[in-house]
Amino acid sequence: MTSSEHSRTTRWDGPAQDVVVIGGGHNGLVCATLLARSGRKVLLLEAASEVGGAARTEEFATGFRVSSIAHVVNRLHPDVVKTLELEKHGLDLTQAEPMPSLSLSAKDGPLTLTGAYGEGLIGASASEQAAWSVLRAQLFRYAGILKPFLSRRPPDLHGMSLAEKLALGQSALALKKLGKEDMRDFLRVILMNVADLLDEQLTDNRLKGLVAFDAVLGSHLGPRSPTSLLGIYYRLAGEIAGVPGAQMAPRGGMGEIVAAMTASAEKAGVIVRKDAPVGKIRVENGRAVGVVLENAEEIDVATVVSAVDPSTTFLDLIGTRELDTGFVRRVKNIRNQGDAAKLHLALDRPPQFLGVDSGGHRGRLVIAPSTDHVERAFNPSKYGEFSQEPVLEVTLPSLADPSLAPDGACVLSAVVQYAPYRLREGWEHGKPKFFKAIMSLLEKYAPGIGKSVRHVQFMTPADIEQRYRISGGHWHHGELQADQMLMSRPVFGAEGYATPIDGLYLCGAGSHPGGGVSGAPGLLAARRIMAMER
Amino acid sequence: MEKTAKKTSSPYAGRIAARGHFRTLRLDTPFQPRIDALMKRNDWYSWGGYRAPNSLWDEELEYFAIRSQAALFDISPMVKYRIEGPDAEVFLNRVTLRDVAKLKPGRVHYTAWCDDEGYVLDDGTLFRLAADRFRLCCQERHLPWLLDSAIGFDVSVVEETEAVAGLALQGPTSFAILRDAGFAGVENLRVFDLSDFPHENGAVTISRTGFTGDLGYELFVPSTLALSLWDRLMEAGQSRGIRAIGYTALNRARLEAGLIVANADFSTAEHALRADRVRMPDEIGLGFMVDLAKGHFNGRRAIEAARTGKTLRHILVGLEIEGNIPADHAIVYHRKTREVGLVSAAGWSPLAKRNIAIASLARPYGDTVVDDLWVEIYAMRELKYEKMMKRAKVVPRPFIKLDRRTANPPADF
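Chains A and B, in that order, give the protein sequences.
Letter by letter, the first sequence follows residues 25 to 558 in our numbering.
Letter by letter, the second sequence follows residues 809 to 1221 in our numbering.
In short, the hints are calculated from the structure, not lab data.
Among these hints, one or two may not hold up.
Unchecked claim - Subject to a maximum C-alpha distance of 35 angstroms in a straight line, what follows is the list of computed DSBU-like cross-link-like pairs (lysine-lysine): (1) K356/A - K912/B; (2) K912/B - K304/A; (3) K1102/B - K65/A; (4) K1192/B - K1118/B.
When you get a sec, could you build the whole thing from the sequences and use the hints?
Below you can see the structure in the form of structure tokens.
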């Protein structure tokens, strides 16, 4: 550091801290809270003027509020709810109405999955209903085998404690308990593509399209890509209020979950500082010793925890000169380019999706009428092009919670695939064209919707990257595929939340078990830190 | 071939293009016309893909040219990188083991570099040509490693193995030859100094370095000036016994000097196929390079952990073996029974008048247990192995020490 730089630095004048958590997304909040509960003094630094990261509720047009990126909760970890006492801090997971999933089809009308991921199936033939109930039970059974892995630290290849070995042994036992036939089938399908499995057991294109869409939601995979089935297991391993596979849109939007977490954090004594972007993590003799804010303010601490994505953490905040070349190579190879866009529409009036009743409009409306449709939408993204005919997941949150929109008006929130981060023609050119493609698709399913649009917020992965400071604009902070799971997440050498830098830990979605509003990486990171830094 | 290269739009296209050496199965060096003219034995070997002489006319006399006259050895196949930019010093400090901040412009040091696990990727010499310009010389190619190491540094790394020709001029009369050839001021070079001297319409970089343990110099020029430099030296050296030599002679000299060769005395980390063949610096006698007083460098955490955890498993030692039969690749025993290591280089040293060897042993042998060591020599004598168990003694390297190597000013022989 040159002397001129030094003269500009200031020092944190608050009370001395033990831990700095960088990034006030939900994982940062969870981790900070648990560490504060353990008696540590924890300072949480958020770059934006609000905490919550990509799980905020934001006003995107006057009077219109919406969940920023994540808009459906289906995997908030029960231990997070319990330990952070989120219910005591204002979160009611049972308040929301049951949220069905609808697969829309211009040809055959909608198909509705009610209850927890299709306990009931409305609009399908009797034989299809029977087939689905068998398949659904199987999917849940197999997701149940994987579920324990998502609730603990990835297996440690350097040597496991007895407790860790026992936990692994229990999973082996659970596999055994499936019975011979089921175990064989579990092992047969685990790395399969979702399309082939659906074709084995189902015939209704709408149903297959919906499950295929859910399997690849948020990843750079098509339903015929190998391993795409894992996505559906990941999804079904989640639970809400003890119900596996359930989903909800919290009243007040995703920000309500974050508000409860923030209240819990503050109760635990976490100091939350907003508008405090971190520029550097200071390292001395291979150990993290503090952070430097972008305004040159220095804060000394013994432990630094980063909820920021791994690429940004290592390449920007730490910098390559403190890391080994092989490790940098691995970090550079993290596949973290998002392929999903987020669309928010402020509408004059609620849209009318064809064939959908009023209850259905409060559900999750998926436009993915067949597996082929999802696969065809995926194809162009392999070559750096957006889908001409995209697939999307639409919610109309203001119908259940009128506080989100002015009287009579409506908010539409949609996740749209596929929108490759590196669009070949560049997003400045492609974005208006992609928007047009989406609107003409919506018009087909909800005629007249275009005329009711008052305001648009449309975010490509490039926008998401900038706005939410996620390198690559990927909501999982890196593809959640077999090569980037468990001990390979985010990379070998940083897989157990600890990193090559002593005193530096990761706690964000880039770490095991990955993204979605679960709080699990934050939870598991906090447990690891407490075990390592006594 | 070129067509396919054009079609591929790999992000690594630039790197691939920069490393076209393998497309020619046996490359010639810029000095080949001169070496071919002197080659009497047609005894070639492959040095990193280059056609290089084992011996040109008589390996005994070539060796004695190093020790009594002056030997000219083509080192063009040595891999060379130009490393340049404001961050060149910090970059090299992160890549290599020694503290580059201590290497002043106009100086050379011998160093090594490791992977994340602390295993040696290569050793080599680092030339500081200017404050922000370096040349790294080594045995193996490392462009991808160096470029990936450069991420986050304001530095450029350029492969210049083909573009720069190199000569080693070694032996007692080497200084006098350079002076007579008109390199004014060459007498000012101390050991590990380097300087530029005019040659033709360009410049030659001369350093007082070498691989023989003798008085000697290394000269680097653009390939286009190679032949004229060769001629200039040969002409000036005519009356001082200058001789072109091959690797066999050099190898004997370097053994006497106790110097190690990558992939001869140890396996480099990227070449080793077997997990237990890789070596940390402390295991091949390069522990002295590891500078823990400087900042982070590749492999540092692993090396520190191995030292604290006492998990270093090997050691490289110099051996003196009774008798005069070379112990090349002989197995080393403790108490004649327990196998504890292998000789990687060996020979009779005419200068030291000793039978010497470099060997890798499994600790504690060679480290804390140094007595009762033996080597088993298999000498093929007319289709029959004569098996000999010879006593070996661990001795310090180098095996020879010549005052003329470091004398200032260099002696005029």
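We went through each hint and held it up to the structure:
no., hint, in the structure
1, K356/A - K912/B, "33 angstroms, holds"
2, K912/B - K304/A, "31 angstroms, holds"
3, K1102/B - K65/A, "32 angstroms, holds"
4, K1192/B - K1118/B, "43 angstroms, violated"
Consistency note: the structure conflicts with earlier hint 4 alone.
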